[in-house]
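Protein chains: 2
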Amino acid sequence: MMDFPLTLDVILRRAVATHGQREVVTKRDDGTWHRYTYADMERRARQLAVALQKLGIEPGDRVATICWNHYAHLEAYFAIPCSGAVLHTINPRLHEDDLVYVMNEAEDRIVIVDQTMYAVLEKVLDRVSLEHIIVFSAEGNVPEGTLDYDTLVEGTDAQDYEFPEMEERQAAAMCYTSGTTGRPKGVLYSHRSIVLHTFGSSLSSAMSVQESDSILPVVPMFHVNAWGLPYTCAMLGAKLVFPGRHLDSESLLDAFEREKVTVSAGVPTIWIPLLDKLNECPDQYDLSALHTLIVGGSAAPKRLMTELEDRHNIRLLHAWGMTETTPLGTVATLRPCHAKLSEDQQHAVRLRQGHAVPFVEIRARGDEGIVPWNGKTMGELEVRGPWIAGSYYKRPDAAEQFTDDGWFRTGDIVTIDASGSMKIEDRSKDLIKSGGEWISSIDLENTLMSHPAVAEAAVIAIPHVKWTERPLAVVVTREGNHVSEAELKEYLLPLVAKWWIPDAFEFVEAIPKTATGKFKKLALREQFAGKS
Amino acid sequence: MMDFPLTLDVILRRAVATHGQREVVTKRDDGTWHRYTYADMERRARQLAVALQKLGIEPGDRVATICWNHYAHLEAYFAIPCSGAVLHTINPRLHEDDLVYVMNEAEDRIVIVDQTMYAVLEKVLDRVSLEHIIVFSAEGNVPEGTLDYDTLVEGTDAQDYEFPEMEERQAAAMCYTSGTTGRPKGVLYSHRSIVLHTFGSSLSSAMSVQESDSILPVVPMFHVNAWGLPYTCAMLGAKLVFPGRHLDSESLLDAFEREKVTVSAGVPTIWIPLLDKLNECPDQYDLSALHTLIVGGSAAPKRLMTELEDRHNIRLLHAWGMTETTPLGTVATLRPCHAKLSEDQQHAVRLRQGHAVPFVEIRARGDEGIVPWNGKTMGELEVRGPWIAGSYYKRPDAAEQFTDDGWFRTGDIVTIDASGSMKIEDRSKDLIKSGGEWISSIDLENTLMSHPAVAEAAVIAIPHVKWTERPLAVVVTREGNHVSEAELKEYLLPLVAKWWIPDAFEFVEAIPKTATGKFKKLALREQFAGKS
Chain A
0 MMDFPLTLDV
10 ILRRAVATHG
20 QREVVTKRDD
30 GTWHRYTYAD
40 MERRARQLAV
50 ALQKLGIEPG
60 DRVATICWNH
70 YAHLEAYFAI
80 PCSGAVLHTI
90 NPRLHEDDLV
100 YVMNEAEDRI
110 VIVDQTMYAV
120 LEKVLDRVSL
130 EHIIVFSAEG
140 NVPEGTLDYD
150 TLVEGTDAQD
160 YEFPEMEERQ
170 AAAMCYTSGT
180 TGRPKGVLYS
190 HRSIVLHTFG
200 SSLSSAMSVQ
210 ESDSILPVVP
220 MFHVNAWGLP
230 YTCAMLGAKL
240 VFPGRHLDSE
250 SLLDAFEREK
260 VTVSAGVPTI
270 WIPLLDKLNE
280 CPDQYDLSAL
290 HTLIVGGSAA
300 PKRLMTELED
310 RHNIRLLHAW
320 GMTETTPLGT
330 VATLRPCHAK
340 LSEDQQHAVR
350 LRQGHAVPFV
360 EIRARGDEGI
370 VPWNGKTMGE
380 LEVRGPWIAG
390 SYYKRPDAAE
400 QFTDDGWFRT
410 GDIVTIDASG
420 SMKIEDRSKD
430 LIKSGGEWIS
440 SIDLENTLMS
450 HPAVAEAAVI
460 AIPHVKWTER
470 PLAVVVTREG
480 NHVSEAELKE
490 YLLPLVAKWW
500 IPDAFEFVEA
510 IPKTATGKFK
520 KLALREQFAG
530 KS
Chain B
0 MMDFPLTLDV
10 ILRRAVATHG
20 QREVVTKRDD
30 GTWHRYTYAD
40 MERRARQLAV
50 ALQKLGIEPG
60 DRVATICWNH
70 YAHLEAYFAI
80 PCSGAVLHTI
90 NPRLHEDDLV
100 YVMNEAEDRI
110 VIVDQTMYAV
120 LEKVLDRVSL
130 EHIIVFSAEG
140 NVPEGTLDYD
150 TLVEGTDAQD
160 YEFPEMEERQ
170 AAAMCYTSGT
180 TGRPKGVLYS
190 HRSIVLHTFG
200 SSLSSAMSVQ
210 ESDSILPVVP
220 MFHVNAWGLP
230 YTCAMLGAKL
240 VFPGRHLDSE
250 SLLDAFEREK
260 VTVSAGVPTI
270 WIPLLDKLNE
280 CPDQYDLSAL
290 HTLIVGGSAA
300 PKRLMTELED
310 RHNIRLLHAW
320 GMTETTPLGT
330 VATLRPCHAK
340 LSEDQQHAVR
350 LRQGHAVPFV
360 EIRARGDEGI
370 VPWNGKTMGE
380 LEVRGPWIAG
390 SYYKRPDAAE
400 QFTDDGWFRT
410 GDIVTIDASG
420 SMKIEDRSKD
430 LIKSGGEWIS
440 SIDLENTLMS
450 HPAVAEAAVI
460 AIPHVKWTER
470 PLAVVVTREG
480 NHVSEAELKE
490 YLLPLVAKWW
500 IPDAFEFVEA
510 IPKTATGKFK
520 KLALREQFAG
530 KS
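Chains as they are written, first to last, in numbering that gives the first Met the number 0: chain A, 0 to 531; chain B, 0 to 531.
Keep in mind that a hint or two might mislead.
[As the list claims (entries may be wrong)] Computed list of lysine-lysine pairs in DSBU-like fashion (alpha-carbon distance at most 35 angstroms, straight line):
1. Lys301(B) x Lys259(A)
2. Lys301(B) x Lys393(B)
3. Lys339(A) x Lys301(B)
4. Lys339(B) x Lys259(A)
5. Lys301(A) x Lys432(B)
6. Lys512(A) x Lys428(A)
Hints listed in this document are in silico derivations from the structure and should not be mistaken for laboratory results.
Being a predicted model, the structure only gives us computed values, none of them experimental.
Working from the sequences, and respecting the hints, build out all of it.
Next up, the structure:
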């Protein structure tokens, strides 16, 4: 067989040759829309590649982006890796110190930054060593000492430029985990791993991406390559719709209607207010094209699934992954073995994290070794596969996250059922160990959040003399609603084991969140440390 | 990223872990049905692997099969490559001399043969050096000096056997092209190429295989791995239905109904009589589950597509590939750019060979270099990609089939349109060069075969003093029908360019065919050599 490398330039060539007239559409900051085709995108990606080379970028160098989801970011997604450099997508919500840390560890030489996020960068400029700052701006009046993205790209002749030949195992992109503890850890994605992830995630049994789709990734492009969707859409010619920084429910619903979006992808905290908005005014938007919302990042509450489907005819597809898994690891589609289950049981199946995508292998390890796939025994999830991280960038100290036989330890406590469907019961560090048994904080949170008066609920472990640990619930009530501790305890009684019911409830205005929107349980544990 | 090899044992592990209870169903020679699951299959594949090792098979050794499509052949499909050996699937329709040639060139040490095909092997036994012959037999009374497949497998303990670690670029399988001229040429498939082909061909935009499918490959497992379907179905957990040697229309229709087949795949010569049978008795079979017949191997006549769809609500999906392309290269799905075409134009699009599957790249070369994608300019199709052959087994003399820059020259004369859709106009050697212009023999054949009285038509070039070459049509009429040369000429007049109309027509009882069912034009050219 030919020695044909799995590199991203093949996807880019295909996007032009086969899908050149398919559209890439972006909502600009000012609310107007930018439209062009994959053929236009490829031309500008080549121009950007040449421009970066003229600025001194060589194969292997890191070029960072601090950008929302838009067409220029897509150009960078191809230009940087296809010219042999490494795309480092930076989460602008990182703490300043972490931002400095990741830019210095990655040794970013150039950064492409949205003008609207320039302030984030500006604060740390004296602590990082950047050679050039390229600003993507609608108005064109970029800060002094920086380069204007559009002027740079359009002013570069790349007519005869061809991307170099590359090895499939060379680095294409990198992304840092925004861990709740410790310094961020970098994951390097190879061309090969992204290409294989693109194949795996496109399958009918995974995200089932088709050319006829119009896909709006709400999940940021600085968060695990927007779950790979920019590459997946380009390979299959699906229309890409970028929301820019307009991520509120009304803007999204408007974009869904306007661009006949068929599939969108985001975290539960995006979809929950969007569902509420839809419930308020179910006939305001024509969403007849929209068939699937993919949800990941954290577990979706049941109400999100049932109401989206029953009231709005939109399927919620639950998927799981991590920065370390490129990210798609499992997906919870309904399978032939579930055909005879009741509707309620089918919902339960689809609210699990699901079965592994082909070539991702999963197992769970308990105190006594690998646990059986019985849907009951909990263990820490371990994964392996061609798009799973084998180490962290410059972090040999993090070797304990990999088993001796080469599996990645996810830190998630899961059960796996006989059909291979995985359910995250908790993060290992969030699990509550009470009287020798395990209580899943996530299960408690989701059950609490199914109460109509509860907007958000986080459950943490509090030290206990007799039981080792006991759960404490931190609750945010819905605006204009009130609920008491006693009412919540009564609500939980028929829904969870009696000994799971939290001993204490704290009502707060807001729960602190990480840069990726997850509950910052470490902060909560500190805040409520005295409650034991 | 992890160094995780793309090897077939991963597919086998997945078939058990995730799809262990999905069925593999086979129609036995005697018409009864054998049913078991992927979990059963995997157990027996491990037993077969151990049995072969005990017989002396080592990594890299070739083990041949001469078998129809059935569960034991599937076991061999996994047992042989997953234990590091090479599966050599032999076409029993090969000429005796070719059979001897391929077995000796491949140095097959063991062969697994269906009892019903033992006669094929017996004829050449004194000309090949086999160490063992394993016979798969329904009755169990195998010829003297051979081993009974079932006894061997079931008598082997493989409880603790694990498949060895392998390199993804090592050979997994091999298949010989049954060329119309010259000696057969062997193509070696690596684990990597088969795995990547499995991903590519499963995509929604390709064959769109899903776990809920029930798939019956009519295409033989000795013909380019049954288009990869055994591996594709195992990876995605689709139910596999094997027809054994029952390939007549009634048996197939009966199997479709009985096993709720959703997708089947075969050559036009299988589907044409099946359509006729359906037209005869449209209500005899409940085919409500069947949604797609995949057709490849040669171009499908239009009637096959329109009548299957209009009269029986079954989609015909046209695909193209070769032994050298593992085989899926292109597939003719209807795409967004075709949405506004008329129904007739859409049929024309879907009767082309279609657009390349992701990571397969195509181009066409004419006398003056690479031709434009305008749907008009003909050129020889060249392809490359990770599942395209880079050379032939032990045949450095066949280097002219590869370009200097590493593309495979298919020998097909094609046009490619602006959307990337390829149409085979002819085989380069079958093209008729008349007065400095090219006439497509395939176009003429398909147009002739659309005449209701014509069962088969082959068009060949006959030397001509003035025009260099002129077409001659060899026609088989449908049973009970008659049609004259004058009538056929008149029929063609509005359908093709006037100068394309064959000068001469020959009516024959049957057209000689190759081992894969293609017209043997070389034989026709010899037969009608005097007609110039």
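These are the hints, each one checked on the structure:
Restraint check: the Cα-Cα separation between Lys301(B) and Lys259(A) comes to about 33 angstroms, which is no more than 35 angstroms; the hinted pair holds. Of the pairs offered as hints, the one joining Lys301(B) and Lys393(B) is violated, with about 40 angstroms between alpha carbons and a cut-off of 35 angstroms exceeded. For the hint pairing Lys339(A) with Lys301(B), the CA-to-CA distance comes to about 40 angstroms; that exceeds 35 angstroms, so the pair is violated. Restraint check: the Cα-Cα separation between Lys339(B) and Lys259(A) comes to about 17 angstroms, which is no more than 35 angstroms; the hinted pair holds.
Only pairs whose Cα atoms come within 35 angstroms are accepted, and Lys301(A) paired with Lys432(B) is rejected, the gap being roughly 68 angstroms. About 16 angstroms separates the Cα atoms of Lys512(A) and Lys428(A), which keeps this hinted pair within 35 angstroms; it holds.
Hints 2, 3 and 5, counting from the list given before, are not met by this structure.
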